[in-house]
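Number of protein chains: 4
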Amino acid sequence: MSQKLLSQLAHVEILSPRPRETVEFLTGVLGLVESSRRGQSVFLRGWSEFFHHSLQVTEGETPGLGHIGWRAMGPEQLETAVARLQESGQGQGWHEGSAGHGPAYRYRAPHGGQLHEVFWEVERYRAPAGMRSTFPNRPQRHPDRGIATRYLDHVTVASRDIMADCLWYRDVLGHRLMEWTAPAADSDHCVFAMLSVCERSHDLGIVPDMSSVGGRINHVAFWLDQREDLRRASDLLLESGVAIEFGPGRHGMGEIDYVYFREPGGMRIELNSGTIRNYEPDWEPVKWTPEQGSNVFYRNVQFPTSMFETFPLAQAPEEHAATGVFH
Amino acid sequence: MSQKLLSQLAHVEILSPRPRETVEFLTGVLGLVESSRRGQSVFLRGWSEFFHHSLQVTEGETPGLGHIGWRAMGPEQLETAVARLQESGQGQGWHEGSAGHGPAYRYRAPHGGQLHEVFWEVERYRAPAGMRSTFPNRPQRHPDRGIATRYLDHVTVASRDIMADCLWYRDVLGHRLMEWTAPAADSDHCVFAMLSVCERSHDLGIVPDMSSVGGRINHVAFWLDQREDLRRASDLLLESGVAIEFGPGRHGMGEIDYVYFREPGGMRIELNSGTIRNYEPDWEPVKWTPEQGSNVFYRNVQFPTSMFETFPLAQAPEEHAATGVFH
Amino acid sequence: MSQKLLSQLAHVEILSPRPRETVEFLTGVLGLVESSRRGQSVFLRGWSEFFHHSLQVTEGETPGLGHIGWRAMGPEQLETAVARLQESGQGQGWHEGSAGHGPAYRYRAPHGGQLHEVFWEVERYRAPAGMRSTFPNRPQRHPDRGIATRYLDHVTVASRDIMADCLWYRDVLGHRLMEWTAPAADSDHCVFAMLSVCERSHDLGIVPDMSSVGGRINHVAFWLDQREDLRRASDLLLESGVAIEFGPGRHGMGEIDYVYFREPGGMRIELNSGTIRNYEPDWEPVKWTPEQGSNVFYRNVQFPTSMFETFPLAQAPEEHAATGVFH
Amino acid sequence: MSQKLLSQLAHVEILSPRPRETVEFLTGVLGLVESSRRGQSVFLRGWSEFFHHSLQVTEGETPGLGHIGWRAMGPEQLETAVARLQESGQGQGWHEGSAGHGPAYRYRAPHGGQLHEVFWEVERYRAPAGMRSTFPNRPQRHPDRGIATRYLDHVTVASRDIMADCLWYRDVLGHRLMEWTAPAADSDHCVFAMLSVCERSHDLGIVPDMSSVGGRINHVAFWLDQREDLRRASDLLLESGVAIEFGPGRHGMGEIDYVYFREPGGMRIELNSGTIRNYEPDWEPVKWTPEQGSNVFYRNVQFPTSMFETFPLAQAPEEHAATGVFH
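Protein chains in written order, with my numbering: chain A, 1 to 327; chain U, 1 to 327; chain X, 1 to 327; chain V, 1 to 327.
Hints are computed from structural coordinates only; laboratory data are not their basis.
C-beta atoms are modelled at their ideal positions from N, C-alpha and C, and glycine is treated no differently.
Be careful, since some hints might not be right.
From the structure, some residues in chain A lie toward chain X, with a derived Cβ separation under 7 Å [as the list claims (entries may be wrong)]:
| id | residue |
| --- | --- |
| 1 | Thr134 |
| 2 | Arg141 |
| 3 | Arg145 |
| 4 | Gly146 |
| 5 | Leu238 |
Based on the provided sequences and hints, a complete structural model is requested.
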């Protein structure tokens with residue numbers, strides 16, 4: 001990879017069969033802020049985010065992924081990315097007229113089938129009068145209610161060939177493969193991988209897909225400022241009647257504190273905090289085995305089987321045959 | 001700027017008139033780890049850092065700056081950077097034979113006079129047997145003593161023309177100007193600026209230089225994982241007999257929690273934690289005035305005048321004439 | 001003292017010239033919960049408190065103290081306390097018909113002049129349906145907005161003879177003198193004292209009163225669960241347009257993290273967290289000097305002079321003559 | 001109960017078949033401080049504790065409990081307690097010559113069989129010169145290594161009739177029954193109980209004993225200042241090669257964050273932090289069911305069966321028949 005093409009994970013579109021309840025939960029409990037609505041979509045952002053939105057909620061028959069949006073490093077890098085995508089055979093063509101950003105080139109992951117887009121021009125959020133901060137470097141004031149979710153952090157999708165998708169993302173667009181898990185020390189079979197275009201442990205995770213559905217998502221994650229904020233968030237979730245699927249705890253991979261739960265539309269949401277920082281363009285991926293604490297840093301609990309459900313759901317038997325070692 | 005040239009702030013060399021005491025403090029109290037020694041220099045790193053070193057302590061007549069090291073994004077970006085530096089007239093030529101990295105091209109900031117270098121090849125730290133971590137993504141085990149300083153975060157230097165240096169760093173090497181302070185809303189005079197090549201609020205800060213000395217440094221900063229860690233660090237510093245010059249507190253700029261103190265050689269050290277994340281290549285710099293909380297987020301204390309001392313010290317009267325609004 | 005007479009600081013009544021704004025701030029920003037109203041008073045409590053109220057806000061001409069309420073260890077201990085108070089000559093007689101508790105015996109501190117009361121019977125808070133917690137050991141659900149103030153912690157009053165009042169509280173009612181400050185190591189003049197009937201560093205603080213007003217209060221303090229919560233609270237205060245008078249920081253005395261500000265009626269409020277635990281009936285009081293960090297653990301800032309204002313305000317010149325060493 | 005008899009849980013004596021390794025772990029990793037040695041015992045304390053010791057490690061054939069020491073409220077309360085114990089038929093007589101405190105009266109819990117003692121006179125710790133703090137209210141300086149365990153918090157023992165023991169502790173000595181768990185809402189069978197003589201959720205816990213062994217202990221717990229400290233402690237434990245049996249997590253009962261592990265002698269140790277405060281002499285005990293989160297506040301994991309092991313170990317089959325609902 002001769003130059004950096006992508007600057008950041010910019011947004012994720014999720015589908016909800018109960019979009020009104022989904023948006024009420026995401027704004028009322030998680031504290032995401034609504035930017036605008038268009039057609040069957042509502043656009044939301046964390047309170048520290050400068051762009052128009054980082055999450056798009058669109059009505060759909062089942063919980064699932066709409067698309068994943070990446071911002072390029074600049075107009076030239078967008079051109080280069082599009083040329084590489086076309087050459088790779090995975091390009092889908094330009095998509096005009098999205099809310100909050102300029103023309104986007106769309107493409108699909110070869111083995112996971114997820115729809116992605118890359119764009120450069122972006123619309124910035126302008127806080128209405130009552131929501132402006134007293135500090136000039138904040139896009140809006142610190143919310144005084146709910147979990148006050150701060151940033152989109154990552155999205156985790158499924159793939160029928162995790163390592164092949166990792167190499168494709170790396171070779172075509174420059175995603176770095178940071179850490180991955182094999183079932184055993186003498187195995188090269190990848191059952192979970194984390195990719196990053198930034199300093200974080202990952203902005204894109206990949207879990208196994210044992211189905212023939214394609215284009216599936218495991219969860220979308222948002223970042224809170226301090227690890228202790230996850231404890232406060234978990235308390236507020238429970239007091240709101242939301243079951244906590246897993247956590248709060250810590251993943252060994254990325255040294256990330258986590259808590260997982262479902263929004264009313266059925267999609268899994270993660271809140272996370274705390275992570276290592278890595279700025280190395282020539283990073284050598286780290287291989288883990290589950291016994292080392294890849295999933296659970298503390299090495300003393302297992303993922304509940306529900307964590308292996310990805311969306312849209314495939315048949316339960318197929319799903320639960322998965323080797324349960326990703327996070 | 002057509003492409004990203006620098007991947008990260010890699011190391012800082014500081015000068016100490018009492019190098020033995022300086023190194024004892026940095027390892028025994030701050031918890032930095034010694035990698036090697038060569039000539040009059042000792043090479044240190046934070047426990048989560050993968051490179052050979054992030055801090056070089058060299059014997060000198062007074063506390064001061066040796067040089068600042070940046071890593072390029074790759075060998076091609078190193079070439080581009082060198083060509084731009086030569087064209088800018090600030091290049092000093094290649095420097096061979098440094099510990100821990102390959103050939104480095106050296107240059108000086110036009111108005112601040114600091115010596116910098118940029119390089120690509122890097123030597124990675126290998127923990128000896130007794131210091132290896134049980135987790136494969138750590139370069140060494142988590143230290144069980146002292147402050148357990150995690151990463152080099154930033155260096156803050158002085159300049160006779162802050163904004164002119166900012167534009168030079170930006171135009172030649174692609175540093176982003178993130179936030180800056182003017183004495184008043186109707187002034188364009190820059191009295192403090194923060195530049196960044198990464199997602200953090202800054203890896204390079206610039207304060208005013210009222211002297212004719214040149215090449216001066218205000219402080220070097222290390223990052224701890226959680227804001228609460230600064231409280232623990234401050235307690236340990238006080239119990240070790242180290243006076244705390246300022247803090248713990250929070251800067252409005254960058255939303256950074258801080259604590260400042262001096263190492264035995266006389267240099268100011270900052271520990272910080274918590275910061276905003278910014279991935280925007282086309283970021284519009286944010287202008288602050290001190291009343292908005294640029295220095296002190298809580299807007300209720302002033303910097304002590306000692307904080308305006310930069311190193312090597314110039315005559316006190318000159319120094320204290322500085323408009324005291326940087327952090 | 002042959003037996004423990006008082007179980008806890010139960011409530012504080014403050015006076016406000018702007019009671020509506022005071023209550024709106026205490027509920028909307030601090031997150032106290034209103035229990036009931038009666039006459040010119042509104043009764044509030046922290047969300048973890050089981051009694052009817054811990055703070056009573058009553059309309060008054062200036063900010064000031066109404067009274068301080070202590071709960072006895074039992075009905076026998078209440079009788080013993082009343083007998084001792086009558087014997088001391090400071091008793092004022094029984095007060096019937098208060099909201100939220102049974103008959104209370106009132107008395108005045110000999111040198112400070114504050115009105116106190118002691119009682120046994122207490123009314124417990126019953127959360128309405130929508131505010132009940134999912135956890136059976138909580139009096140109500142965890143609030144999802146504002147600062148979510150958890151407990152009343154202490155009240156700090158003024159006295160013309162601090163040490164004489166300390167000994168009176170100790171000898172008559174069993175308050176323990178925990179820590180106190182003298183201006184210098186060779187002085188026995190007490191300029192600040194902390195008394196406690198529980199494991200905390202103090203539930204009653206005493207600062208100097210240089211005026212002839214009498215019955216004055218310096219501040220009332222509420223406790224948050226974790227020290228980091230004070231940082232979140234300070235951020236929310238600033239975003240709400242509330243100036244922070246002092247902090248966040250740490251007192252050496254009691255090892256308490258603090259932040260101070262004023263409510264709209266003019267009274268100083270402290271939020272605090274983190275403290276030592278002390279269960280020793282025969283505790284030997286600890287003497288401090290300011291240089292040791294009695295006020296400011298970090299030993300690097302001074303109290304602003306505004307912190308010496310107690311309520312109702314006396315003439316400013318008298319006030320500011322105080323030796324500024326209390327917290 | 002007419003008056004408060006006990007001021008605090010003062011110390012616990014544990015037995016270890018590997019006393020040297022046990023003490024090395026408790027001092028080197030947990031950061032307890034050795035006060036003295038006598039015979040087959042080593043006396044340790046947390047760094048914030050003022051008494052001579054809070055933990056006594058004595059050589060024994062298997063891990064187990066030596067005795068539990070409570071301090072009275074004063075010499076009269078000690079007399080009253082002894083009279084009540086003698087009357088109850090559980091008294092064992094006076095024990096002279098213990099290290100660190102005066103004459104102690106010993107007694108046994110009727111259904112659990114644990115040996116307790118109560119005393120008044122106490123020896124206070126004097127830090128040697130190099131360990132003195134710069135703050136006058138600390139018994140020694142803040143340790144700069146290891147987990148820096150701060151206070152003894154509670155001890156959890158086993159009983160063949162939990163509720164009968166609770167009532168005995170309450171009626172004879174004034175322990176308050178704070179919270180307890182029944183297997184179901186319509187059951188009055190107590191499978192875990194928490195008692196307290198202070199403001200904390202408990203200083204004495206009781207789990208079921210299905211064996212005929214008697215006098216058994218489940219764990220001893222130490223308190224860290226902030227909940228976040230448990231995460232740091234867990235990291236240090238793992239890097240030291242210590243497996244974490246359960247946690248870090250939070251109990252619903254007492255709202256206590258926890259982490260459990262074993263010391264080299266085999267005894268279970270808990271570190272905890274964060275808890276509710278309760279000062280009510282007439283507290284009505286709260287009944288929980290496991291589904292409400294009595295054990296696990298987050299309601300999403302189960303205790304591992306190993307957590308039901310109490311010491312000395314009885315036969316495994318008996319042990320694991322226990323209804324697993326205590327913490």
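Do the numbers back the hint for Gly146(A), that is, is its least Cβ distance to chain X under 7 Å?
6 Å, holds
Would the hint on Thr134(A) be counted as holding, given a Cβ-Cβ threshold of 7 Å to chain X?
This interface hint holds because 6 Å falls under the 7 Å limit.
Interface hint for Arg145(A), Cβ within 7 Å of any Cβ on chain X:
4 Å, holds
Hint status (Cβ of Leu238(A) to nearest Cβ of chain X, threshold 7 Å)
The hint holds - Leu238(A) has a Cβ within 7 Å of chain X, the shortest such distance being about 6 Å.
Closest C-beta approach of Arg141(A) to chain X relative to 7 Å, hint status
Status holds, d = 5 Å.
Hint compliance for this structure: every hint is met.
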